[in-house]
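Chains as they are written, first to last, in the numbering used here: chain A, 1 to 256; chain B, 257 to 566.
Note that these hints are calculated values from the structure, not bench results.
Treat the numbers as computed from the prediction; the structure is a model and nothing was measured.
Glycine is no exception: its CB is placed at the ideal position from the N, C-alpha and C atoms.
Incorrect hints may appear among the rest.
Stated by the list, open to error - Simulated crosslink set (DSS-like; lysine-lysine; CA at most 30 Å straight-line): (1) B:Lys-397 <-> B:Lys-377; (2) B:Lys-545 <-> A:Lys-18; (3) B:Lys-555 <-> B:Lys-545; (4) A:Lys-87 <-> A:Lys-192; (5) A:Lys-87 <-> B:Lys-397; (6) A:Lys-18 <-> B:Lys-277; (7) B:Lys-277 <-> A:Lys-87; (8) B:Lys-555 <-> B:Lys-277.
Claimed, not checked - Some chain B residues flagged as far from chain A (calculated, every beta-carbon gap over 12 Å): (9) Ala-275; (10) Thr-301; (11) Pro-339; (12) Asn-343; (13) Ile-353; (14) Asn-356; (15) Glu-452; (16) Glu-455; (17) Gln-496; (18) Phe-554.
What the hints assert, rightly or not - Partial list, derived from the structure: chain A residues whose beta carbon lies under 10 Å from chain B: (19) Trp-6; (20) Gln-26; (21) Ile-28; (22) Val-32; (23) Ala-36; (24) Glu-94.
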Amino acid sequence: MLGQFWIAYLTITRKEIKRFTRIWVQTIIPPVVMVALYFIIFGNLIGQRIGQMDGMSYIDFLMPGLVMMSIITNSYANVVSSFYGAKYSRHIEEMQVAPVPNLVILLGFVTGGVARGLGVGIAVTLVSLLFTDFSMHSPLVVLLVALLTSSLFAMAGLINAIFANSFDDISIVPTFVLTPLTYLGGIFYSIKLLPEIWQQVSLGNPILYMVNSFRYGFRGASDIDLSTALLVILSFNALLFVVSLILLERGIGTRQ
Amino acid sequence: MLALEIENLQKTYASGLQALKGIDLEVEQGDFFALLGPNGAGKSTCIGIISGLVNKTAGSVRIFGHSIDQEFTFAKSLLGSVPQEFNFNTFEPVEEIIINQAGYYGVPARIARPETERYLKQLGLWQHRRSQARRLSGGMKRRLMIARALVHQPQLLILDEPTAGVDIELRRTMWDFLDQINANGTTIILTTHYLEEAERMCRNVAIIDEGNIIQNSSMASLLQQLNSETFILYLREELQHAPQLASFDNVTRLDQHSIEVEVPESLSINDLIGELEAQNIVVERMRNKVNRLEELFFKMTAKNDTAGLA
């Protein structure tokens, strides 16, 4: 039985990875180009006038946040578009008629999202080498935060796709929720620059914990305590995992 | 052994529509079974519940004795289904769609590949194996779904309108293929609007209407219920009015050279020809208006009119 589920999991994962690698010009290249522009404009041109941020050059400060932004947006985008596409053209039914537990469907789609998030993250990191020296304070923290964050946003994308009834619905959350939270999540500035009240407000933004723990992994500096950040990320992962699984089990948005 | 056992199956949609009102149905292993009914009768809902695409409101479904609720993994492994509408990723190559489907059933690609080749060849799709599915014609897409449903060797195959939109030549090829699958031991449940198809292929039949099973019997005993048949007669000479025939009540003039006559079970075609010849009306040729099952089906599902049933 487990062998059967393992093959099903590998099939979904392989299919998901093939889907975004087949259209790499649409999925891998645009985020890399966009982040390269961020490095040129904010890192090189404006960054030189900003000077130091949190005891490091602005481009060094910026780099982990931009990589994290790419991971977040791509892991989310992969699952939301793939799962909604499967719903829209009804090929989600291929899995529903087969003896594939919902847990396996969830893990397969999330692995696909994680693969794209990490793939784009690695590509963006390589591009960053054109602008800044590569250094990693803790590779384990970098890897752990990248994995947990991409899985978290892959599940968020899945939930968005479950509730979406049109292609418009899969762009509303990224545009009006994800992008503002990402931009206000400490990618471009340290929250220590903010007035006290806005520092407290910023602590309510989960992306702040991901960006800062990721920055800690690269630079050894963070606005947030690492263990607190990891606890927050793990808690959100657990929450979204349970919610995704319940939604799939109940067939909300996928079964009549 | 029963391939399918349905008890008190009910489905009420969120809109309040009661699509199934507690149906009971049994299909024997090895049978070629027709599930018929007008549009909106509840056929696709029933198939959707068996396949796991629709949540039931109440009742139970067993596939070869295995409950789709308690033993869903095993029950689903025994089932293959061909839905009414295309439900594959049209951007994927044909071969990949089938191998992936096998993977969902836990069949590794190395085992699925030769099976895929076999079915694609049998269904005339082998030369299109690397084409994206969206480039296939409608008939090819239907055959692709049949190959996909068979790749994991199901013991029960459910076909929901498998030949819809398929030309008659191809339809006959598909009938032969399905006959062969059934002869090899696969139980088949077929829904179709081509009643000629059901009459030709199926040994047993259930008719569902407004969420209830209104008929469940062998095809032969169902057809015996037909107490009249309607024929269209093509005449040599022009007719201005429908002829008055002493023994036949329902005679309708269709045009100058053809009439429609309902022949009751108690009378023969010879009686009809004899009465027409007595009026110097020469019949050049004739045909059934619809096939026998179609005639019965119309009578059984006609609203407020079941008088035609024996």
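* Compute the least Cβ-Cβ separation between B:Glu-452 and chain A, then decide whether it is above 12 Å. => The claim holds: B:Glu-452 sits with its nearest Cβ about 28 Å from chain A, beyond 12 Å.
- prompt: Given A:Ala-36 as an interface hint, is the shortest Cβ-Cβ distance to chain B below 10 Å?
  reply: 29 Å, violated
(message) Next pair to validate is B:Lys-277 with A:Lys-87; report whether the Cα-Cα distance is within 30 Å.
(response) 28 Å, holds
*Given the hinted pair A:Lys-87 and A:Lys-192, is their alpha-carbon gap at most 30 Å?*
Violated, at about 44 Å.
Practice problem: Hey, is B:Asn-343 genuinely clear of chain A, shortest beta carbon separation above 12 Å? | Solution: The claim breaks: B:Asn-343 does not keep its Cβ more than 12 Å from every Cβ of chain A (closest is about 4 Å).
Chain A versus B:Thr-301 - minimum CB to CB distance exceeding 12 Å, so not interface: The assertion about B:Thr-301 is violated, with a minimum of 8 Å to chain A.
**Prompt:** Any CB of chain B closer than 10 Å to the CB of A:Ile-28?
**Reply:** Hint on A:Ile-28: violated, closest Cβ of chain B at ~18 Å, above 10 Å.
Taking 12 Å as the cut and beta carbons as the points, is B:Asn-356 off the interface with chain A? 5 Å, violated
Quick one, are B:Lys-555 and B:Lys-545 close enough, alpha carbons at most 30 Å?
With Cα atoms ~14 Å apart, B:Lys-555 and B:Lys-545 stay inside 30 Å; holds.
Interface hint check: A:Glu-94, Cβ to nearest Cβ on chain B, cutoff 10 Å. Holds or violated? With a minimum Cβ separation of about 6 Å from chain B (threshold 10 Å), the hint on A:Glu-94 holds.
TODO: Taking the shortest Cβ-to-Cβ distance between B:Gln-496 and chain A, state whether it exceeds 12 Å.
DONE: 55 Å, holds
*Verify the interface restraint on A:Trp-6: the C-beta must sit less than 10 Å from at least one C-beta of chain B.*
Where the cut-off is 10 Å and the nearest Cβ of chain B is about 8 Å from A:Trp-6, the hint holds.
Figure legend: structure checked against the earlier numbered hints; hints not met, in rising order: 2, 4, 6, 9, 10, 11, 12, 13, 14, 20, 21, 22 and 23.
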